[in-house]
Amino acid sequence: MLDVQVLTKAVGDLDEPKVLDMLKEFVATNPGSEETEAVVSACQKGMAVVGDLFDAKEYFVGDLIFAGELLNSALEILKTVMGGESNGKAGKIVLATVEGDLHDIGKNIFKSMSEAAGFEVYDLGIDVPASTFVEKVKEIKPEILGMSGVLTLALDSMKNTVDALKEAGLRDQVKVIIGGNPVTEQACQMIGADAFTTNAAEGVKMCQGWVS
Amino acid sequence: MIDTKALARERTQLFSDVLEGKVPKRVPIYAFIQQEFAIQYAGRDLAEAQWDSGAFEEVVDKVCQDFVTDNVPVHAVRYPSIYRMLGSKNWIMGSGGFIQHPEIEGLSAEEYDDLIASPYNCIVEKVLPRLYSELALDSPTKAFALAKAFKVYNDEFGTQAMQTARLKEKYGYADVNLFGTICEAPLDFLADQLRGFKGISLDIRRVPDKVEAAVNALTPLVTKMGMQSFHAKNTCTFIPLHMAPFMREKDFARFYWPGFKKQVEELAEAGFQAFIYCEQNWMRYIDYLAELPERTVMFFEDGDPRLAKEKLGGKHIVTGFYPQTLLKTGNKQQCIDKAKELVDILAPGGGYIFGFDKVLITLDSIKPENLQAVYEYVAANTDY
Amino acid sequence: MKTKYYKTWGEYKAEHPEIDEKQEQAMAAKMQDYEENLFKFIMFLCV
Numbered sequence: 001m002l003d004v005q006v007l008t009k010a011v012g013d014l015d016e017p018k019v020l021d022m023l024k025e026f027v028a029t030n031p032g033s034e035e036t037e038a039v040v041s042a043c044q045k046g047m048a049v050v051g052d053l054f055d056a057k058e059y060f061v062g063d064l065i066f067a068g069e070l071l072n073s074a075l076e077i078l079k080t081v082m083g084g085e086s087n088g089k090a091g092k093i094v095l096a097t098v099e100g101d102l103h104d105i106g107k108n109i110f111k112s113m114s115e116a117a118g119f120e121v122y123d124l125g126i127d128v129p130a131s132t133f134v135e136k137v138k139e140i141k142p143e144i145l146g147m148s149g150v151l152t153l154a155l156d157s158m159k160n161t162v163d164a165l166k167e168a169g170l171r172d173q174v175k176v177i178i179g180g181n182p183v184t185e186q187a188c189q190m191i192g193a194d195a196f197t198t199n200a201a202e203g204v205k206m207c208q209g210w211v212s
Numbered sequence: 213m214i215d216t217k218a219l220a221r222e223r224t225q226l227f228s229d230v231l232e233g234k235v236p237k238r239v240p241i242y243a244f245i246q247q248e249f250a251i252q253y254a255g256r257d258l259a260e261a262q263w264d265s266g267a268f269e270e271v272v273d274k275v276c277q278d279f280v281t282d283n284v285p286v287h288a289v290r291y292p293s294i295y296r297m298l299g300s301k302n303w304i305m306g307s308g309g310f311i312q313h314p315e316i317e318g319l320s321a322e323e324y325d326d327l328i329a330s331p332y333n334c335i336v337e338k339v340l341p342r343l344y345s346e347l348a349l350d351s352p353t354k355a356f357a358l359a360k361a362f363k364v365y366n367d368e369f370g371t372q373a374m375q376t377a378r379l380k381e382k383y384g385y386a387d388v389n390l391f392g393t394i395c396e397a398p399l400d401f402l403a404d405q406l407r408g409f410k411g412i413s414l415d416i417r418r419v420p421d422k423v424e425a426a427v428n429a430l431t432p433l434v435t436k437m438g439m440q441s442f443h444a445k446n447t448c449t450f451i452p453l454h455m456a457p458f459m460r461e462k463d464f465a466r467f468y469w470p471g472f473k474k475q476v477e478e479l480a481e482a483g484f485q486a487f488i489y490c491e492q493n494w495m496r497y498i499d500y501l502a503e504l505p506e507r508t509v510m511f512f513e514d515g516d517p518r519l520a521k522e523k524l525g526g527k528h529i530v531t532g533f534y535p536q537t538l539l540k541t542g543n544k545q546q547c548i549d550k551a552k553e554l555v556d557i558l559a560p561g562g563g564y565i566f567g568f569d570k571v572l573i574t575l576d577s578i579k580p581e582n583l584q585a586v587y588e589y590v591a592a593n594t595d596y
Numbered sequence: 597m598k599t600k601y602y603k604t605w606g607e608y609k610a611e612h613p614e615i616d617e618k619q620e621q622a623m624a625a626k627m628q629d630y631e632e633n634l635f636k637f638i639m640f641l642c643v
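Protein chains in written order, with our numbering: chain A, 1 to 212; chain B, 213 to 596; chain C, 597 to 643.
In case anyone wonders, no lab produced these hints; they're calculated from the structure. Keep in mind that a hint or two might mislead.
[Claimed, not checked] Taking CB as the label site, the calculated pair distances span:
hint, chain 1, residue 1, chain 2, residue 2, range
1, B, N593, C, G606, 51 to 59 Å
2, B, N366, C, A622, 16 to 24 Å
3, C, Y608, B, K274, 18 to 26 Å
Here a beta-carbon is modelled for each residue, glycine too, at the ideal position from N, C-alpha and C.
Whenever a hint applies, use it, and build me the whole structure from the sequences.
Put into C-alpha cells, the structure is as follows:
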C-alpha cells in the first residue's frame with residue numbers, strides 16, 4: 001500500500017528515484033480511481049511543499065524546474081490508471097508567452113504544475129500576439145488565461161492582450177493571471193489582470209481558488 | 213571649443229585610477245547601453261537598422277549628443293547577419309526586432325562523456341550543428357556557411373570598433389572598454405547553450421558527477437576564451453554570470469564556484485581584469501566574491517550596496533545597484549536623489565564606477581530626461 | 597587542449613617539418629593569429 005505521506009515528502013524532497021519507484025509499484029497493483037486520485041493529490045501536496053520551500057529560499061528556480069519535470073514523469077506513470085474523467089477536471093487554461101518574448105521556462109514550469117493539479121492546459125507557445133489569444137479563448141472557452149514574459153516589453157504585450165479581450169467582449173469570461181520576472185502589483189493593475197505571480201506553485205493555487 | 217583631447221585624457225585617467233585601485237578625481241560614469249536602445253532613440257526601425265553596418269555610428273552619435281558619459285555609451289553585442297548566415301536556432305529576432313535566445317539544448321544528456329573526453333571536439337562536431345542548421349549540412353555547404361559567418365563576424369565587430377574609435381575622438385571619451393572580450397563561467401557555458409536551463413537543472417540532481425567533470429573539462433576552454441589578444445589600457449574581460457542565483461548554495465559551491473574562481477584567477481595572472489556581471493541577486497554569495505583576485509570589477513543588479521561596499525570595498529571595484537526602472541517611474545529629483553544615495557554609499561575611498569543595475573536595451577525602459585539628469589548630476593557632484 | 601580542431605604553433609610546426617626557420621619567422625604570428633581568432637569565434641557561437 002502506497003503511503004501518501006511518504007510520497008508527498010518524497011516529492012517535496014525532489015527525490016526522483018524514490019517517487020518514480022513508488023508510483024511504478026503503485027500502478028502495478030492495478031489501483032482503482034479513488035486510490036489513484038489520492039495519489040495524484042499527494043503529488044500535488046508535494047508540489048505545494050516545493051512552492052513553500054521556494055518562498056522560504058531553500059529551493060530556487062533550478063529546483064522548481066526539476067520539480068516540474070518530476071511531476072511530468074509522475075503523471076506519465078499515473079495516466080495509465082488515471083482514467084479520462086480526472087484529466088482536465090479542474091478547468092481549462094490557455095497559456096502562452098506573449099508577443100515579442102521568446103522565453104518559456106517559467107511558463108513550462110507553470111504548465112507542468114497546473115496539469116498535475118488537474119487543469120487542461122492549452123499551450124500556445126512563445127511570441128504569441130493578442131489576436132491569437134483572443135481566437136483561442138473564443139474557441140476553447142477556458143476558465144483561465146495565463147500570460148508569461150521575462151522582458152519588460154512583455155508587460156505592454158500583456159496589456160494589449162487584455163485590451164483585445166475587452167474589445168472582443170470576452171474579458172468577463174476568463175480570469176487572467178500573469179507571471180514572469182517583470183510582473184508586479186503595479187504592472188498587474190496597469191495590465192488589468194486578475195492576479196500576478198513570480199512563483200509557479202503559488203500561481204496554481206490561485207487558479208485552483210478560482211475554479212473551486 | 214571643447215578641447216576633446218584634454219577631455220579624453222582626463223576621462224581616461226578616471227578609469228585608469230579606479231581600475232588600478234587608486235582614488236580618481238571624481239566618480240567615472242560608464243554607460244552600458246545596447247545598440248537596440250540607440251536605434252530606437254534615433255527613430256530607426258529595429259529590424260532594419262541592425263542589418264545596416266553604418267547605422268551604428270549614426271544612432272550612437274545621437275546618444276552621445278544627449279547623454280554625457282565618460283565612455284562611448286553604446287555597444288553592439290549581436291548581429292543578425294552572423295546568425296542568419298548560420299541558420300541560428302539559438303539567437304533569433306523576435307517579432308519586435310529584438311534578438312533573443314530561446315531555450316535550446318546543444319548537447320544531449322547522453323553526450324556528457326564525449327564532452328568530458330574532448331570538449332572542443334564535441335562542441336564542433338555535436339553542439340554547433342544543433343545550434344546552427346547550416347552547420348548540420350553537407351561538408352562543402354557548412355564550410356561555406358562558416359566562412360561567410362566568420363567573415364561577417366570580423367567585419368561587423370571591426371566596423372563597430374572603427375566607428376567607436378571615431379566617436380571616442382569626436383566627443384573626447386576615455387580609453388576604456390569593460391567589454392573588451394567576452395567569456396562565460398564554466399557552468400554557465402555548459403548551461404546556456406549546451407544543456408539549457410532546464411537540462412542543467414535536471415543534470416545537477418541526476419548526474420552530478422558528470423556535471424562536475426564537464427565543468428572541469430570546460431574550464432580551460434572558457435579561460436582561454438577570456439584571454440585578450442593583447443594588453444590594452446583599461447580593457448576588461450566581460451563575464452556575464454547566469455546560473456548562480458537559480459541554484460542552492462551547496463550546488464553553487466560544488467558546480468559553479470570552483471571553475472569560475474579558477475578562470476578569474478588565471479585571467480588575473482595573465483594580466484587581465486575580469487568584469488563580472490552578477491545578474492539578479494548575489495548577496496548570499498558575497499563572501500565568495502570577496503575571494504576573487506583583487507580589482508575584479510563587479511557589476512551588481514539587485515542587492516545591498518552597503519553590504520557590497522563593506523565586503524568588497526578596498527579590494528574590488530563595484531558598479532551597478534541603481535534600479536533602471538526608477539528612470540521610468542520616478543521624477544527627475546527622485547532619480548537624482550537615488551544617484552546621490554548610491555554615490556554616498558559606494559564612492560568613498562574609490563573603487564566605484566557609476567552605472568545602473570542593467571544594460572539599457574529598450575527605449576521604453578526609461579524617460580530620457582531622467583537619464584540625462586542623473587549623468588549630469590554624477591559628472592558634476594562626485595569630486596573626491 | 598585535446599582536440600583536432602585547434603593547434604598551437606608548435607603542434608602545427610610538428611606536422612610541417614618542411615617549414616624552415618626563415619619561413620617560420622615570416623609566417624608564425626599571422627598563422628597563429630587566425631587560429632586564435634577562429635577559436636574565439638567558435639566559442640562566441642556558443643554563448
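Taking the hints in turn, this is what the structure says about them:
1. Range check, N593/B to G606/C: Cβ separation about 55 Å, and the 51 to 59 Å hint holds.
2. With their beta carbons about 23 Å apart, N366/B and A622/C fall inside the hinted range of 16 to 24 Å.
3. Taking 18 to 26 Å as the suggested C-beta distance range, the pair Y608/C and K274/B does not conform, at roughly 47 Å.
In this structure, only the earlier hint numbered 3 is contradicted, and the remaining ones agree with it.
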